[in-house]
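Enquirer: Letter by letter, the chains look like this.
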Amino acid sequence: MIRFLARRIALGVLVMWCVTLVVFLIFYVGPGAGDVARALAGREAPPSTVALIARNLLLDRPWYVQYGHFLSQLLHGNLGYDYYNSESVNTIIAQAFPVTFSLIIGAAPLWLAFGILSGVYSAVRPRSLGDRTFTGVALLFYSTPTFVLGVLLILVLYYELTVHGVSIFPAPGYVPFTQSPLQWARALILPWLALALVLAAAYTRLTRSSMLDVLGEDYVRTARAKGVPERRVIFRHALRAALNPIVTQAGIDIGVLFGGAVITEQVFDLPGLGWVAVHAIQEQDLPVIIGVVVVASAGVVAANLIVDILYAVLDPRVRLH
Amino acid sequence: MGDSTDQVLSPREGTAAVIDHQERVDEPLLRLHDVVKHFPVRSGARLGRHGREVVRAVDHVSLDLQRGETLGLVGETGCGKSTLGRVALRLLDLTSGSVNFDGTDLSRLSDRRLLPYRRQMQMIFQDPYGSLNGRRRVGSIIGDPFAIHGVESRSARRQSVQELMELVGLNPEHYNRFPAEFSGGQRQRIGVARALALHPKLIVCDEPVSALDVSIQAQIVNLLAGLQREFGLTYLFISHDLSVVRHLCDRIAVMYLGQIVEIGPVSEVAVNPRHPYTAALLSAVPVPDPDAAARATPVVLTGDLPSPIDPPTGCRFHPRCPRAQDLCRVEAPALQIRLGPDAAHLAACHFPLANGERLDGAQGPSSDRATALLVESLRQSAQALVGDLDAAPQLPADLASEVLSPDGQGAEPPDAESVVPLPGEPEPAPARKVQMRSPWSLAFQRLRHDRASIVSAGVILSIVLFAILAPVIASLTGHGVLEQFPTIGLTPDGLPKGPSATFLLGTDDLGRDLLVRLAYGAQISLMVGVLATALTVFVGAIVGLISGYFSGLVDTVFARVMDVMLAIPFLLFAISLASVVSVTPLHFGPVTIGPGISIVVIVIGIFSWATVARIVRGQVIAIRNREFVEAARALGARSWRIILFDVLPNVMPTIIVYTTLLIPVSIVSEAALSYLGVGVQPPTADWGQMIAEAQGYYQQAWWFLTFPSAALILTTLAFNILGDGIRDAIDPRGTDFRG
Ligand SMILES: Nc1ncnc2c1ncn2[C@@H]1O[C@H](COP(=O)(O)OP(=O)(O)OP(=O)(O)O)[C@@H](O)[C@H]1O
Ligand code: SF4
Ligand SMILES: [Mg+2]
Numbered sequence: 001m002i003r004f005l006a007r008r009i010a011l012g013v014l015v016m017w018c019v020t021l022v023v024f025l026i027f028y029v030g031p032g033a034g035d036v037a038r039a040l041a042g043r044e045a046p047p048s049t050v051a052l053i054a055r056n057l058l059l060d061r062p063w064y065v066q067y068g069h070f071l072s073q074l075l076h077g078n079l080g081y082d083y084y085n086s087e088s089v090n091t092i093i094a095q096a097f098p099v100t101f102s103l104i105i106g107a108a109p110l111w112l113a114f115g116i117l118s119g120v121y122s123a124v125r126p127r128s129l130g131d132r133t134f135t136g137v138a139l140l141f142y143s144t145p146t147f148v149l150g151v152l153l154i155l156v157l158y159y160e161l162t163v164h165g166v167s168i169f170p171a172p173g174y175v176p177f178t179q180s181p182l183q184w185a186r187a188l189i190l191p192w193l194a195l196a197l198v199l200a201a202a203y204t205r206l207t208r209s210s211m212l213d214v215l216g217e218d219y220v221r222t223a224r225a226k227g228v229p230e231r232r233v234i235f236r237h238a239l240r241a242a243l244n245p246i247v248t249q250a251g252i253d254i255g256v257l258f259g260g261a262v263i264t265e266q267v268f269d270l271p272g273l274g275w276v277a278v279h280a281i282q283e284q285d286l287p288v289i290i291g292v293v294v295v296a297s298a299g300v301v302a303a304n305l306i307v308d309i310l311y312a313v314l315d316p317r318v319r320l321h
Numbered sequence: 001m002g003d004s005t006d007q008v009l010s011p012r013e014g015t016a017a018v019i020d021h022q023e024r025v026d027e028p029l030l031r032l033h034d035v036v037k038h039f040p041v042r043s044g045a046r047l048g049r050h051g052r053e054v055v056r057a058v059d060h061v062s063l064d065l066q067r068g069e070t071l072g073l074v075g076e077t078g079c080g081k082s083t084l085g086r087v088a089l090r091l092l093d094l095t096s097g098s099v100n101f102d103g104t105d106l107s108r109l110s111d112r113r114l115l116p117y118r119r120q121m122q123m124i125f126q127d128p129y130g131s132l133n134g135r136r137r138v139g140s141i142i143g144d145p146f147a148i149h150g151v152e153s154r155s156a157r158r159q160s161v162q163e164l165m166e167l168v169g170l171n172p173e174h175y176n177r178f179p180a181e182f183s184g185g186q187r188q189r190i191g192v193a194r195a196l197a198l199h200p201k202l203i204v205c206d207e208p209v210s211a212l213d214v215s216i217q218a219q220i221v222n223l224l225a226g227l228q229r230e231f232g233l234t235y236l237f238i239s240h241d242l243s244v245v246r247h248l249c250d251r252i253a254v255m256y257l258g259q260i261v262e263i264g265p266v267s268e269v270a271v272n273p274r275h276p277y278t279a280a281l282l283s284a285v286p287v288p289d290p291d292a293a294a295r296a297t298p299v300v301l302t303g304d305l306p307s308p309i310d311p312p313t314g315c316r317f318h319p320r321c322p323r324a325q326d327l328c329r330v331e332a333p334a335l336q337i338r339l340g341p342d343a344a345h346l347a348a349c350h351f352p353l354a355n356g357e358r359l360d361g362a363q364g365p366s367s368d369r370a371t372a373l374l375v376e377s378l379r380q381s382a383q384a385l386v387g388d389l390d391a392a393p394q395l396p397a398d399l400a401s402e403v404l405s406p407d408g409q410g411a412e413p414p415d416a417e418s419v420v421p422l423p424g425e426p427e428p429a430p431a432r433k434v435q436m437r438s439p440w441s442l443a444f445q446r447l448r449h450d451r452a453s454i455v456s457a458g459v460i461l462s463i464v465l466f467a468i469l470a471p472v473i474a475s476l477t478g479h480g481v482l483e484q485f486p487t488i489g490l491t492p493d494g495l496p497k498g499p500s501a502t503f504l505l506g507t508d509d510l511g512r513d514l515l516v517r518l519a520y521g522a523q524i525s526l527m528v529g530v531l532a533t534a535l536t537v538f539v540g541a542i543v544g545l546i547s548g549y550f551s552g553l554v555d556t557v558f559a560r561v562m563d564v565m566l567a568i569p570f571l572l573f574a575i576s577l578a579s580v581v582s583v584t585p586l587h588f589g590p591v592t593i594g595p596g597i598s599i600v601v602i603v604i605g606i607f608s609w610a611t612v613a614r615i616v617r618g619q620v621i622a623i624r625n626r627e628f629v630e631a632a633r634a635l636g637a638r639s640w641r642i643i644l645f646d647v648l649p650n651v652m653p654t655i656i657v658y659t660t661l662l663i664p665v666s667i668v669s670e671a672a673l674s675y676l677g678v679g680v681q682p683p684t685a686d687w688g689q690m691i692a693e694a695q696g697y698y699q700q701a702w703w704f705l706t707f708p709s710a711a712l713i714l715t716t717l718a719f720n721i722l723g724d725g726i727r728d729a730i731d732p733r734g735t736d737f738r739g
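Protein chains in written order, with our numbering: chain A, 1 to 321; chain B, 1 to 739.
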């Protein structure tokens with residue numbers, strides 16, 4: 001167990017190190033020696049700022065010194081400085097993180113519940129009307145890009161309903177939880193739905209095929225033959241075994257969402273990490289992008305680690321490799 | 001059976017081999033000395049148990065195999081029989097000890113140096129389904145040894161293969177068939193033909209008949225016996241079926257928990273077992289004589305087979321042995337002559353049974369009578385097994401029965417096999433429809449009957465046409481893709497105009513024709529979708545194949561890289577890459593990356609190959625352990641050859657399915673990047689970009705948002721449905737196409 005955790009943590013560290021390396025390559029090496037400072041300074045920065053940056057980041061020194069400096073800054077928790085807006089990147093990210101977190105914390109239970117239940121139903125009653133419906137709907141949502149679904153949800157559930165006098169769903173935007181939990185939830189319903197529907201579709205498909213595999217196994221047949229109640233067979237015996245790939249996938253997805261909720265945030269105007277990144281791009285504000293990438297990667301690593309731990313706790317036989 | 005050493009001269013072997021053979025005739029063909037094979041196990045979640053544990057699969061085994069003899073290796077499942085067989089052929093590395101084949105120590109030779117010896121020793125596998133690559137034609141499977149060793153020209157090869165097929169009782173005309181079109185027994189004959197191709201001296205048969213019907217077992221056993229007579233083969237015959245072993249073998253070796261506990265001539269070991277374990281095994285073999293059956297109550301061994309990770313102290317059999325005493329728990333008995341006159345009969349037991357003694361300690365009937373009974377029962381069970389022994393040697397006649405079995409069995413070989421037609425029955429006219437149906441054409445056939453897939457393929461085709469015809473559409477409407485119509489294309493308020501005769505799908509916010517822009521957008525979507533997918537699949541498949549096939553360091557490195565790639569937030573990196581590029585082009589050595597489609601393709605490719613690699617790797621790992629890969633290794637095939645000819649065809653279905661399913665993912669990724677403004681740059685027409693622009697107008701111009709969204713959804717949906725259809729066609733539930 002301890003060795004297992006040590007391995008996973010080591011992997012996480014490795015991932016983070018690779019991330020810093022790639023970021024460094026993209027932002028500090030890629031533009032070419034003369035242009036790094038100018039690119040980081042943002043649009044129309046005065047030469048004095050560019051010179052300041054070059055000095056601060058040791059850009060006149062060899063690349064490994066620059067990288068060492070970059071890394072040590074990160075290790076000290078300093079994500080950089082946004083010269084364009086004269087603000088610390090840490091501050092910007094600290095404000096954005098709760099938004100992304102809110103989005104994921106609400107969407108994950110939704111999509112897992114939708115996906116797994118419909119998948120189990122489909123697998124247990126293959127070729128039934130319910131199965132066909134679920135599979136068809138899943139295929140449709142699976143094929144729908146998040147941003148298209150999001151825009152359509154806004155169009156129908158917010159705009160059309162509001163125009164016709166039913167204002168259940170608010171306009172895109174964000175309300176902090178601390179300000180009003182109710183408004184927070186209300187503002188997030190549509191984003192949760194958009195994210196959950198698209199992701200649930202993948203889980204319906206995954207659960208269905210995984211369950212079908214397991215239901216064909218001998219031990220499930222044995223359990224049935226022994227007269228174990230069907231409900232128990234499905235949920236205790238089969239689903240348990242079928243859950244493995246689902247948990248793995250959930251780990252990857254939740255992790256990636258810390259960076260990949262970009263689109264949902266963009267569509268619904270939620271000022272989370274992804275939104276900040278996209279706006280930074282529009283402003284050509286590279287230091288912020290660096291900060292977001294590093295933090296989002298850390299989020300991914302942390303999420304994967306948590307799933308691994310859950311995995312080991314839930315299933316003591318977990319293959320430790 | 002019996003002594004066939006005087007017949008070892010194969011009619012096909014040259015005189016050199018004869019002389020060579022006669023010089024060393026007194027020396028054993030195979031000599032295993034103190035062979036140890038341990039498998040390290042990753043200590044599982046056993047708390048508090050650190051350090052490396054090993055499975056002691058084979059623990060200090062010494063064994064001689066004389067030329068032309070058949071040594072039966074028996075024992076419970078998991079006792080290490082297969083491992084010993086594989087070590088003997090050097091398919092596994094030894095932990096310690098030595099393997100001496102025909103005077104050469106093979107135990108430390110590299111794969112390259114082993115190659116010439118691979119021609120002389122072969123293996124026949126247990127699973128007639130798993131030991132043949134279902135994606136290759138029988139002719140190519142049997143011809144594999146020639147190809148690998150380059151011994152026959154391509155043209156001569158076909159002839160040799162057909163001779164081999166005839167030799168083992170297969171119809172040479174079935175040269176072009178796939179393994180799935182043969183019954184279990186026939187497949188086993190294919191395996192035998194392949195093993196025989198290079199005239200080996202030694203063949204390890206790992207339970208070659210235990211997966212077959214009893215009636216078919218007899219035919220295969222007879223085939224093996226006949227071939228041995230004809231070619232002077234030496235067999236190491238692994239089995240858990242004592243009656244088969246008694247019929248075919250000259251000597252028996254009994255294994256227990258990685259060690260040989262008794263070894264000797266069949267007539268000795270089977271009649272007068274010395275080791276209590278052997279006696280227990282024998283007592284479980286049914287005896288036809290009711291008299292004898294009444295006396296020979298089966299001895300039921302108590303307790304489970306102990307773990308080979310942590311075998312019992314002293315004699316490994318002591319926890320289950322009815323004769324165990326204190327000495328047994330402390331001191332391991334050596335394999336030596338304990339009793340009786342025959343120096344060739346060894347047993348590892350402190351308290352061996354006496355001649356004719358029964359395991360429960362009571363004295364049996366007079367030993368003479370017991371022997372007579374046993375011999376009689378042996379004869380009877382052997383007859384039941386193989387029919388009239390005296391008639392057996394006429395191989396062709398005997399084999400005819402199976403060769404002539406009906407041909408229509410391709411679909412369900414196991415069922416068809418239980419009906420064995422009488423010998424001499426005329427061969428039915430070959431059923432045309434099963435001829436040469438490759439797994440691919442079967443899959444294609446299934447796909448053709450799937451209406452959803454056909455419709456999707458039609459939709460995809462239309463979209464492709466739409467994209468190709470974009471310039472034509474532009475010239476027909478007279479609206480260029482970038483052409484703005486500020487007066488006729490926009491309302492007086494400057495808003496997009498709805499669908500009309502002039503603008504079939506309406507206009508966008510700059511007064512451009514939506515239809516024309518959609519068509520050009522389709523070009524981008526399809527192009528990026530296909531290119532990015534091709535890049536992804538190409539890189540992913542290569543990495544997956546290499547990483548999955550070569551375990552060890554290569555795999556560890558690749559697997560970590562994959563983990564890292566999968567853990568990196570793809571979209572953010574894509575965005576940052578694209579964003580830097582939009583500020584200043586990147587220079588990595590000679591490579592310059594600027595904005596445009598190529599960056600989108602590269603970004604998608606870089607960040608999604610790991611998914612493909614992971615899936616391919618998983619499949620390869622499963623395939624790597626299949627018997628047909630081992631068969632290829634036993635033939636001496638190089639790794640690249642195995643990867644290309646044996647592994648790749650079997651992962652190809654997965655690769656194809658993933659390719660179809662990845663295209664829509666790539667299309668969506670491209671659209672998303674463009675939607676975010678970091679993909680394809682304006683004014684180039686692009687679906688994702690159009691949706692982003694339309695978002696500001698959803699209240700005034702539904703068409704502006706709806707048509708690009710619909711185009712995108714329709715495209716991805718069609719690809720997904722087709723991908724699902726292909727997957728179902730290639731791997732339909734219920735028919736195990738992997739077999
Ligand atoms: N590659 C491997 N890695 C780890 N353990 C292995 C490996 N191959 C075999 N073993 C273990 O070694 C022991 C002997 O296995 P082996 O396959 O030789 O037994 P066997 O006598 O052939 O059994 P069976 O009758 O089932 O074929 C078993 O405990 C098995 O689990
Ligand atoms: S040595 Fe002892 S325990 Fe082992 S087989 Fe002989 S009698 Fe049984
Ligand atoms: Mg075995």
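Source of the hints: derived by calculation from the structure; they are not laboratory data. Hints should not be assumed to be uniformly reliable.
[Unchecked claim] Chain A is faced by these chain B residues, among others (derived, beta-carbon under 10 angstroms):
1. Gly478
2. Gly480
3. Glu483
4. Gln484
5. Pro486
6. Ile488
7. Val564
8. Ser579
9. Val668
10. Ala672
11. Leu676
12. Trp702
13. Pro708
14. Leu714
15. Asn720
16. Asp724
These numbers come from a predicted model, not from an experiment. C-beta: ideal position from N, C-alpha, C; glycine also.
Enquirer: Determine for every hint whether it applies to the structure shown.
Expert: Results for each hint:
The beta carbon of Gly478(B) is not positioned within 10 angstroms of any beta carbon in chain A (closest approach about 30 angstroms), and the interface hint is therefore violated. A hinted interface residue such as Gly480(B) counts as satisfied when its beta carbon comes closer than 10 angstroms to some beta carbon of chain A; here the least separation is about 27 angstroms, so the hint is violated. A cut of 10 angstroms between beta carbons decides the hint on Glu483(B): the least distance to chain A is about 26 angstroms, and the hint is violated. Annotation: interface hint on Gln484(B) violated; nearest CB of chain A at approximately 24 angstroms, more than 10 angstroms.
Checking Pro486(B) against chain A: minimum C-beta separation of about 26 angstroms lies over 10 angstroms; hint violated. Annotation: interface hint on Ile488(B) violated; nearest CB of chain A at approximately 27 angstroms, more than 10 angstroms. With a least beta-carbon distance of about 5 angstroms to chain A, the hint placing Val564(B) at the interface is held under the 10 angstroms criterion. The interface hint given for Ser579(B) holds, since its Cβ lies 4 angstroms from the closest Cβ of chain A, which is under the 10 angstroms cut-off.
Residue-level restraint check for Val668(B) holds (minimum Cβ-Cβ distance to chain A is 5 angstroms; threshold 10 angstroms). Because the smallest distance between the Cβ of Ala672(B) and any Cβ of chain A comes to about 6 angstroms, under 10 angstroms, the interface hint for this residue holds. With a least beta-carbon distance of about 6 angstroms to chain A, the hint placing Leu676(B) at the interface is held under the 10 angstroms criterion. Given the 10 angstroms rule on beta carbons, the hint for Trp702(B) holds: about 8 angstroms separates it from the nearest Cβ of chain A.
The criterion of a C-beta within 10 angstroms of any C-beta in chain A is met by Pro708(B), whose closest approach is roughly 9 angstroms, and the hint holds. For Leu714(B), the interface hint holds, since its Cβ comes within 10 angstroms of a Cβ in chain A; the closest pair sits about 9 angstroms apart. With a least beta-carbon distance of about 5 angstroms to chain A, the hint placing Asn720(B) at the interface is held under the 10 angstroms criterion. The beta carbon of Asp724(B) comes within 7 angstroms of a beta carbon in chain A, closer than 10 angstroms, and the hint placing it at the interface holds.
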